[in-house]
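Novice: If you're matching them up, the sequences are chains A and B in order.
In terms of my numbering, the first sequence is residues 1 to 179.
In terms of my numbering, the second sequence is residues 1 to 310.
Just so you know, the hints here were simulated from the structure itself, not pulled from any lab data.
Keep in mind that the hints are not guaranteed to be accurate.
Covered stretches of chain A (in silico footprint by chain B; criterion: 3 or more residues with CB under 8 Å from a CB of chain B, positions within the stretch not fixed) [claimed, not checked]:
#1 66 to 73
#2 85 to 99
#3 119 to 126
The beta-carbon is built from N, C-alpha and C at its ideal position, and this holds for glycine as well.
Residue strings, one per chain:
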Amino acid sequence: MKEKAKILDQEGINRAIMRIAHEIIEKNKGVSGLCIVGIRNRGVYLAERIADCIKKIESANIPTGALDITLYRDDLALASGQPLVRKTEIDFDINDQNLVLVDDVLYTGRTIRAALDALIDFGRPKSIQLAVLVDRGHRELPIRADFVGKNIPTSNKESVEVHLQESDGSDEVLIAEKE
Amino acid sequence: MAWTKKDLLGLEYLTQEEIELILDTAESFKEVSTREIKKVPALRGKTAVNLFYEPSTRTRVSFEVAAKRLSADVINIATETSSVRKGETLIDTGKNIQALKADIIIMRHNYSGAANMLARALDISVVNAGDGWHEHPTQALLDIFTLKEKLGKIKGLNVAIVGDIAHSRVARSNIWGLTKLGANVTLCAPEMLIPVGIELTGAKTSSNIDEVLKKADAVNVLRMQFERDEGAAFPEQLDYFKKFGITEERLAKAKKDIVVMHPGPINRGIEMSSEVADGANSVILEQVTNGIAVRMAVLFLVSQAKEAKK
């Protein structure tokens, strides 16, 4: 993997998350009936950060959960390298809530497809909205994000790497060339 | 680490890392059973066959529930009403099930080593649900999972296994699993029920239940398998209860939060008193619940390994 460019640094990520938090509040006309679910792993950290920002803005605690989509993957049978099954932790009722689903990178859309299937097994939210830190294009399914930190046009030969303090020790978004 | 084995035959054949991978995966699967819709699509389109040559409700139903919560299709074969009665050999039965394009055979058999033999003969996965006096790996895994959940770790724990060690595949699987994870295992039973050479596994033996209980963080109480008593040495029931039965009086002298386990079905008043079985230290029903998560993890991992080989 050869690093080509740093797209976002720590401040850039913080600003993007703060803006997404404002947009979520604006779109939902407040925070009542709102909940946030992050997709493991990095989506969970982003979800928690968005919830923190919303708390700063509206002084309200938003229920936040974690979703593991491994068991819902459409490529489970052909997955190269065994995916590790991790815990799903949604300890609140999602029925009739406006649920914001959070992930780090939106690419083919297949992860989000799996996440939607998984969420429906937990209940029937009033709406599901999608927030991502990076949208890199190349969709293979009819899925789009409601809140985007940064649109980054990429080629299929490139990979987008999101590093977060919680999992990687630093906050940055990089584009790298696959070798 | 990745799981590479198509079968689960016994804990003797697994590394510490492989055992830990099953336990970690089971922890993730436990949540599925708490949902309103207790089902994930991970094994959709796969077929699991329950092939039981010995009676069982707990284990068979637990495997069936586990497979169904993973969206696999489950077929139960009761050998009393199958071609086994006409003299079909185990390997032939297995090959026929394979020819039906099943993906996993979950087998209980009264002969030790039957699962190993079947696994060698077939390309599809074989999960051992108990073979003779050899191993019952998923029972030991769920015991260890429950213990870890209750006490936070396995390494360094003093675990007593009490009762019919001689006839117990549960004991053997537990010894392998617990010692590999760093627990100290003490087997406690009348001498006639402690098999010769068992200390080669790394477990200690004792015939003094009160001494053993004093040091134990957990006690796994085995069922006295009177149905296997074919004129061999076997203690008299009441006598056994008096000398080895786990009672409230005995527990009063043990560690206050000692974990009491039993693989079921319980002979109340023989291995343990009803007060203990239903008491605050007992985790017997939690074991049953955890059994589903552990078996989901096993079914998931063996079928993943199978896919990887294609």
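Novice: Please go over all the hints and tell whether each is borne out by the structure.
Specialist: Cross-check of the supplied hints:
Three residues within the 8 Å Cβ limit are the bar, and the stretch 66 to 73 of chain A against chain B gives 4, so the coverage statement holds. For the stretch 85 to 99 of chain A, the assignment as covered by chain B holds, since 5 residues bring a beta-carbon within under 8 Å of that chain's beta-carbons and 3 suffice. As drawn, the stretch 119 to 126 of chain A meets chain B at 3 residues by the rule of a beta-carbon pair under 8 Å; at three or more, the given contact holds.
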